[in-house]
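Undergrad: Read off the chains here:
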Amino acid sequence: MGEALTVSERTGLGIATVMARRGVDAAAIGAVLGCALPGGPGWRNGGDLSAIGTGPGTWLVMTETGSGDFAEDLTQRFRGLASVTDQSSAYAVFRLSGHDARTLLQRGVSIDLHPAAFAPGSAATSMISHIGVIFWQMDDAPTYEVAVFRSLAGSFRHWLDSVAATL
Amino acid sequence: MSRLPHGGLIDRSRPLNFRFDGETFAGFEGDTLASALLANDVKLVGRSFKYHRPRGILTAGSEEPNALVTLRSGARAEPNTRATMVQLFEGLEAQSQNRWPNLKLDLMAVNQLAGPMFAAGFYYKTFMWPRPFWEKVYEPVIRRAAGLGELSGLPDPDTYDHDHAFCDLLVIGAGPAGLSAALTVGRAGLRVILAEDDWELGGRLLADRQQVDGLAGEIWAERARQELSSLPNVKVLTRTAVFGIYDGREYAAIERLADHLPSPAEGQPRQRLWKIVAKRAILATGAIERPIVFGGNDRPGVMQAGAVRTYVNRFAAMPGRRAVLFTSSDSGWQTALDLQAVGIEVAVVVDPRSSAPTVASDVQRAGAQVFLDAHVRKASGVPVSKVEIMRSDGRVVKLSADLVAISGGWNPAIGLGSNLGHRPKWCDERGCFLLDQTPPGLTAAGAAAGRFTLAEALADGAAKAVEAASDLGTTCTAPDFAVSEESDAGAAYWSAPAPRGKAFVDFQNDVTDKDVALAAREGFVSIEHMKRYTTLGMATDQGKSGQLNGHALLAQQIGKSIAETGTILSRAPYQPVAIGALAGHQRGENFRPVRQTASHDWAAENGAAFANVGQWKRAQWYARQGETHWRESVDREVTMTRSGVGICDVSTLGKIDVQGPDAGVLLDRLYINTFSTLNVGKARYGVMLREDGMVMDDGTVTHFAEDSFYVTTTTANAAPVMQHIDFARQVLWPDLDVQATSVTEQWATWSVAGPKSRELLQAAFPDLDLSNDSFPFMAAAKFVWQGNPARIFRVSFSGELAFEVSVPALKGQDLLAHLLASGEPFDAIPYGTEALGVMRIEKGHPAGNELNGQTTAADLGLARMMSKKKDYIGRVMAARPGLVDEARPRLVGLRPLDASEVLRAGAHLLPLGAAPVAVNDQGYVTSAAWSPTLGHSIALALLSHGAERHGETVLVHDPVRGGDIEAAVCDPVFLDPEGERMRG
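As given, the protein sequences belong to chains X and H, one line each in that order. Its first residue numbered 1, the first sequence is counted upward by one per residue in my numbering. Its first residue numbered 1001, the second sequence is counted upward by one per residue in my numbering.
In case anyone wonders, no lab produced these hints; they're calculated from the structure. None of the values given here were measured: they were computed from a predicted structure. The beta-carbon is built from N, C-alpha and C at its ideal position, and this holds for glycine as well. Fair warning: there could be bad hints in the mix.
What the hints assert, rightly or not - Where chain X lies over chain H, by a calculated footprint (3+ residues, C-beta under 8 Å):
| hint | stretch |
| --- | --- |
| 1 | 1780–1794 |
| 2 | 1922–1936 |
Claimed, not checked - Which residues of chain H face chain X? A partial, calculated answer using Cβ under 7 Å:
| hint | residue |
| --- | --- |
| 3 | D1161 |
| 4 | G1267 |
| 5 | P1269 |
| 6 | D1657 |
| 7 | G1660 |
| 8 | D1737 |
| 9 | Q1739 |
| 10 | T1741 |
| 11 | E1745 |
| 12 | Q1746 |
Build out the structure end to end from the sequences listed, making use of the hints.
TA: So, in structure tokens, the structure goes:
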């Protein structure tokens, strides 16, 4: 068994909001990305891209390979299919991993994280400590990632540290 | 010492020392404070709320009304703590309450002599007149005389945690019914949470000498605990009180993590607030024993019969040496047997019924007298020493006893079940109120459902669990239990016929039978009215022990049955909850989330004072060394910006990307002016209305590409405008092909303003051509800065030549450093929101104080922006007569006639010579500032017919802060009305 809990902040991510134009479905967007997209709230990983469903026809698309031209590149590829907005600076993304990660996250969200209800590939948009969050589960460790608006990262970190201390 | 030599579930190998009112006592691990006090012969524990009556320990549970103490000392002192709920720990410290100078000699007990003054409704009747006396005399006197414990007044040193849980079945209470339910469903693999207030599972199995499956009750309970703990699908929460039921099958509970320790472990929370979402729930909270109303029924030494069994059997503590049993239920007779079994003398069993249960012969054989058709009239002594009994033949027997155990039957503990408004219903068959209808998913089981015998409770818990599982599509089997026989026969018996002396129905709020009678006489015949008039059931214990006796007495008074009068609804919290537990980690500076811009740390290091703007921290001004007053800093920032160049963080403004083929169409419908015709590479000021025609927000819209617009909003309205846009495109016009998303957090934006702003930016971005020809007023462009996407806009809030530059927030700090470095030759300075405010007032720009939800576009002088060629949200309602009335207050400027006078926001405007009364009010000052540019105070105001009154003098009336000022009405644009500076 690994560490009980590892918390890290992801850096250097390229993040973009992709919103389908009218009449364009998830499959068409996924075909361009080369990554099957969830039809509802969910997280999918395809090569160096991952996508989180955050609303009807709306995904947060992320890459680890640089933030510079990511959104601009997507804008070109999605011309006529989707509206793309650069959000690389907008979110601070925290990774929580280890067998205490579920306990920790459950203290924050009023969403059932039992493996039968929330498994790798699940995602949700919710609140933690009055802070809006988007979070998703990546593996059975379990590993979760939590995205919060960057301006709120300090307050989120306060909650995280306060609760982690009680584990 | 009153500790029995043997028995009990206490650990005699682990003695504990504790202090009560400064005196040191000894108890054992496994004691409560109440049991340890009884074992030390301490019977007088507190004084009552109104009459300062001496009080002892009535119960052994969470319903305790009397034994309230202040637990711990200093900042951790917690008043009104129920001694029956405190698990004893080494070094525990407790103080009695509401007594002066001490518990045994309480001078305030004279309140009893003034009894009539404190009767029901005395507040309403006695202290009506003379009116001024209420605040100055009556209230302070009453507050000193009445009350319970006091708060420490110090900050709470503990921390509190929150958690969430989800389950198929929540079992509330781990007595026989709860354990049987949890075992039944737990074995079937469903997700179960079992919440128990006590630190041990078992409920009455710990207190009664009963057997289950051939095992002593406590042993069976321990086996059940072990089995439940071994099931991965079952979570057992001890020391956890479920205190409320809410919509959506949500249950709130408090887990007392560290209340049984001298102090929480370093860094660990004291308590945890749980929000539990349960598909089904079983209310297995048991029953609370009914007291009986008779004179002196509140004397220390008068105790619930069931509590007596608990103290004797579980804690091996003797509540007395010579007992009188006063019971109308067979379970009370069991108390006599249990007392006799440990050698405590039972002098008499008094039963108002005419026939005795079968156990009576055993009780008599052990030496007790039995009086049937009889009642206790009065108990006296502190603690109790004399009891007066009225026998069936009319003879009064007086005898000495130091314990009066009472039982008027049992009330199912169903308070939680009425949290959502389901009123309990009287059941004649079982002689108690039961839940008739319940919150969705909840069922009562066991004693809480009127199944009082152990056999019934175990079977009912299992049966209700099988039902719940079946509802969820799981089949499971109810286990069988072999249980010893007992009788739950009894008569609902509320009060002795003619109590002598004070007889209480609410011990904690000092409500007597006479108060109920008075309420009835005065017409308070509804249960809920009588409750409020007499305060019956309104203390911290919510009347759990005696209030039903009061309800029954009211029924008697008005000649109805208790089934007809009914009972009250119980509201959450069912148990007292510390406010800190509700706050959790959100306290102090973390009371609410804080939003910080990219330059926050830099600003903090450079003398910034921060203002809270919603959740944002915004730099108000940057104090330089030697500046001792904020005005010095602000005046300098304004002057240096207007004469040179200043840089301001405007990242908090709302920013929204609006994209798609129909983006222009949507914006035309949102704003009063037109955007679909805006050229690419241009920005335009816009105003949007609410549906009701009032101004909602203003900002700029920039056209970046054929299908891409960039909208800015005020800081305060960022989220409402985003919601407004989403509502418009998702609900009003789903046919439009338009997408929108907030980018407030993506971009850090700096306003660079002042006559030297162009020079600064040309130095910072030499590749850009910012000349007036290439980049005129309201131009906008994307560019790349150090490999990052960047944007530049020529917009001005200050009225100066000004630009805004945006880069991704992660680069915001770098850009600020670059701008400041590039600005060094020009003496560039950072300026804060105060200077920003001064400059926008000088320029007559409306902001939050003017966009106050009560102004129209015309009020703000923006009528000509309202397009007549298209429809837009709010257009129709903006044409209502009241909104186009020419007499409406309109935006004007004000300058004091005497330049040394100071205008203040909030002051009202009157015609000269008019009396300062509301009918003469013509408007008010919305924003005011000292203008360092003009050298006098200036203000924006909303003034009736304002646009036509420039040049007129009005009185600026400020009754709150004093001082009336005469001011000239003028154009709201104080500075550069032609706009030459910003267009230059």
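Undergrad: Against this structure, judge whether each hint is valid.
TA: Now the hints, each set against the structure:
Coverage of the stretch 1780–1794 of chain H by chain X holds. Counting CB-CB distances below 8 Å, 3 residues qualify, and the rule asks for three or more. With a threshold of 8 Å between beta carbons, the proposed coverage of the stretch 1922–1936 of chain H by chain X is violated, since 0 of its residues qualify and at least three are required. Evaluation of the D1161(H) hint against chain X yields a held restraint, the C-beta minimum of about 5 Å falling below 7 Å. At a threshold of 7 Å, the smallest CB-CB gap from G1267(H) to chain X is about 5 Å, leaving the interface hint in force.
Satisfaction of the interface hint for P1269(H) is found here, the shortest Cβ-Cβ separation to chain X being roughly 5 Å, below the 7 Å cut-off. Residue-level restraint check for D1657(H) holds (minimum Cβ-Cβ distance to chain X is 5 Å; threshold 7 Å). A cut of 7 Å between beta carbons decides the hint on G1660(H): the least distance to chain X is about 6 Å, and the hint holds. Checking D1737(H) against chain X: minimum C-beta separation of about 4 Å stays under 7 Å; hint holds.
Taken as an interface hint, Q1739(H) checks out: its beta carbon lies about 4 Å from the nearest beta carbon of chain X, inside 7 Å. Proximity of T1741(H) to chain X holds as hinted, the smallest CB-CB distance being about 5 Å (cut-off 7 Å). Restraint check, E1745(H) versus chain X: the minimum CB separation of about 4 Å is within 7 Å; hint holds. Checking Q1746(H) against chain X: minimum C-beta separation of about 4 Å stays under 7 Å; hint holds.
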